[in-house]
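Chains D and P are the protein sequences, given in the same order.
For the first sequence, the residue numbers in the numbering used here are 1 to 193.
For the second sequence, the residue numbers in the numbering used here are 1 to 193.
Any given hint could turn out to be false.
What the hints assert, rightly or not - Going by beta-carbon spacing under 8 Å, a handful of chain P positions derived as facing chain D:
| no. | residue |
| --- | --- |
| 1 | Met60 |
| 2 | Arg78 |
| 3 | Pro144 |
| 4 | Leu182 |
Said to hold, decoys possible - Here chain P is said to cover these stretches of chain D; the calculated rule only asks that three of the stretch's residues, wherever they fall, bring their Cβ under 8 Å from a Cβ of chain P:
| no. | region |
| --- | --- |
| 5 | 32-39 |
| 6 | 59-72 |
| 7 | 83-96 |
| 8 | 102-113 |
| 9 | 174-183 |
Bear in mind the hints are in silico, worked out from the structure with no lab data behind them.
Computed from a prediction, not measured in an experiment: that's the story for all the values here.
Where is the CB? At the ideal position from N, CA and C, for every residue including glycine.
So you can see what is in the structure, the chains are spelled out below.
Protein chains: 2
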Amino acid sequence: MALILASSSPIRRAMLMQSGLEFESIPAAVDEKSERHRHDCAQSLATALAQAKAVAVSEMHSGDWVIGSDSVVTSDGRIFAKPDDIEEAADHLRFFSGKPMRLTSAVALARGGAVEWSHCDSATLQVRPLSDAFIAAYLDAEWPEVGYCVGVFRLEGRGVQLFETIDGSYFTILGMPLVPLLGALRQRGAIAA
Amino acid sequence: MALILASSSPIRRAMLMQSGLEFESIPAAVDEKSERHRHDCAQSLATALAQAKAVAVSEMHSGDWVIGSDSVVTSDGRIFAKPDDIEEAADHLRFFSGKPMRLTSAVALARGGAVEWSHCDSATLQVRPLSDAFIAAYLDAEWPEVGYCVGVFRLEGRGVQLFETIDGSYFTILGMPLVPLLGALRQRGAIAA
Numbered sequence: 001m002a003l004i005l006a007s008s009s010p011i012r013r014a015m016l017m018q019s020g021l022e023f024e025s026i027p028a029a030v031d032e033k034s035e036r037h038r039h040d041c042a043q044s045l046a047t048a049l050a051q052a053k054a055v056a057v058s059e060m061h062s063g064d065w066v067i068g069s070d071s072v073v074t075s076d077g078r079i080f081a082k083p084d085d086i087e088e089a090a091d092h093l094r095f096f097s098g099k100p101m102r103l104t105s106a107v108a109l110a111r112g113g114a115v116e117w118s119h120c121d122s123a124t125l126q127v128r129p130l131s132d133a134f135i136a137a138y139l140d141a142e143w144p145e146v147g148y149c150v151g152v153f154r155l156e157g158r159g160v161q162l163f164e165t166i167d168g169s170y171f172t173i174l175g176m177p178l179v180p181l182l183g184a185l186r187q188r189g190a191i192a193a
Numbered sequence: 001m002a003l004i005l006a007s008s009s010p011i012r013r014a015m016l017m018q019s020g021l022e023f024e025s026i027p028a029a030v031d032e033k034s035e036r037h038r039h040d041c042a043q044s045l046a047t048a049l050a051q052a053k054a055v056a057v058s059e060m061h062s063g064d065w066v067i068g069s070d071s072v073v074t075s076d077g078r079i080f081a082k083p084d085d086i087e088e089a090a091d092h093l094r095f096f097s098g099k100p101m102r103l104t105s106a107v108a109l110a111r112g113g114a115v116e117w118s119h120c121d122s123a124t125l126q127v128r129p130l131s132d133a134f135i136a137a138y139l140d141a142e143w144p145e146v147g148y149c150v151g152v153f154r155l156e157g158r159g160v161q162l163f164e165t166i167d168g169s170y171f172t173i174l175g176m177p178l179v180p181l182l183g184a185l186r187q188r189g190a191i192a193a
C-alpha cells in the first residue's frame, strides 16, 4: 500500500519530502474553474477541490492512500486565483495592499475512490500598504516563481516583506495543513507512528 | 550604514537572506551559560541574550544596525539547552514526549552600543507520545543537524512528525520573530519600505 500525492505542486511535494515521507506524485485532472462557480465560500471551495483531487487519483489507484490538497486566497470578500501574468500579479498586490488577506487550505485523504478524511484551516495575513515602487521591485525579484502562488507570495522568500502581521499555521499558509495530515496518516497506519 | 546579524546561526542567516535583505554575519561573544543562571523565565533569558548579542557586536560597529536573537525551549518548567551529543538528544526527546513544549524567541536591534528595540514571542508545540523506536529512527535521520536546535527538531525537516499540534508563529519556532523585526527595520529606515 503506497502513499500518493494527487498534485504536481512543488511546494506540497517539498513539504511531504522534508517531513521524511515516501510517496509518489500523480497530478489530478480536476476542472477547478467549474468547481469555483459552485462555491461562494473559501472553506467549501478548498475542501471540495482537495477532495475532488484525492478521489480522482484514488479511483485509478484504489489500494493506496491518496492525498489531495488545495488553497484559496480571499481578500475583501473576493476569491483570488493564481495570476495569469506579471501585470495581473501587480493588480492583485495593489488590491491586497493595506487589507487583511485570508489563506484557506484544505487537505483530504481518499482510498478506494472515496474520501476517508479531510481537514480545512485558515490563516490571516495583514498586508501592509505597498507602494507601486515596492510592488515593481518585489515582482522583479520574485516573478515568475510567485506565479504559482494564489496569494502572489512565497513566505519562505521575499513574501514575508508584504505583511504587518501573520496569524495562523505556516503549513496552512504554504498550502497544506501538514500536522493534521500526518496525524490522520499515523492514525490509519499509513505511516509509522 | 550596514545591517549586521550578530549570529552565526545558519537558520537565522537563511531567514534574512530568503527575505531579500543584504547584511553581514558577525558572531557575538556572549557568555550564554552565565546569563542562563541569572534568569528563571524563558522570556527574560531569551530577551537578555538577544540584547547582549546585539550590543556586543554593536559596540564594535557603532554606525550600523545590529540584530541579535536567541531562542529558549522550556518543557515542564525546565529550560533546555542544545544537546551536547546524540545520547543527550535522545534524553531530551524522551523528556519532551507527550508534553507541551514552549519555544520562546527574542530579537533585538542595537545601534551605537545601545538597544533600540526588542521583541519576544512564544509558540506552544504539543509533542506526541514518542516511542524509543521512533526516537532512534528520528535521530538516525536527523542527527547531527538537530544538534544545533534547542528543541532537537527542525520544523522544515522530519521535526514536524514530533507534534500533535503547533500553535504560534513559524518564524518564532525557527528561532527569530522575523515579521516584527522587518517592521522595526522599515520603521527606522534600515531597509526599504
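These are the hints, each one checked on the structure:
Against a cut-off of 8 Å between C-beta atoms, the interface hint on Met60 (chain P) is violated, since the closest Cβ of chain D lies about 29 Å away. Taken as an interface hint, Arg78 (chain P) does not check out: its beta carbon lies about 24 Å from the nearest beta carbon of chain D, beyond 8 Å. Checking Pro144 (chain P) against chain D by beta carbon gives a least distance of about 16 Å; that is not within 8 Å, so the hint is violated. Checking Leu182 (chain P) against chain D by beta carbon gives a least distance of about 6 Å; that is within 8 Å, so the hint holds.
Beta-carbon proximity to chain P at under 8 Å applies to 0 residues in the region 32-39 of chain D; the threshold of 3 is not reached and the given coverage is violated. For the region 59-72 of chain D, the stated coverage by chain P is not satisfied: 0 residues place a CB nearer than 8 Å to a CB of that chain, which falls below the threshold of 3. Evaluation of the coverage hint for the region 83-96 of chain D: breached, as 0 residues show C-beta separations to chain P shorter than 8 Å, against a requirement of three. By the rule of at least three residues with a Cβ nearer than 8 Å to a Cβ of chain P, the coverage given for the region 102-113 of chain D is violated, with 0 such residues.
Counting residues of the region 174-183 of chain D whose C-beta sits closer than 8 Å to any C-beta of chain P gives 4, which meets the bar of three, so the coverage hint holds.
Checked against the numbered hints given earlier, this structure breaks hints 1, 2, 3, 5, 6, 7 and 8; the rest are met.
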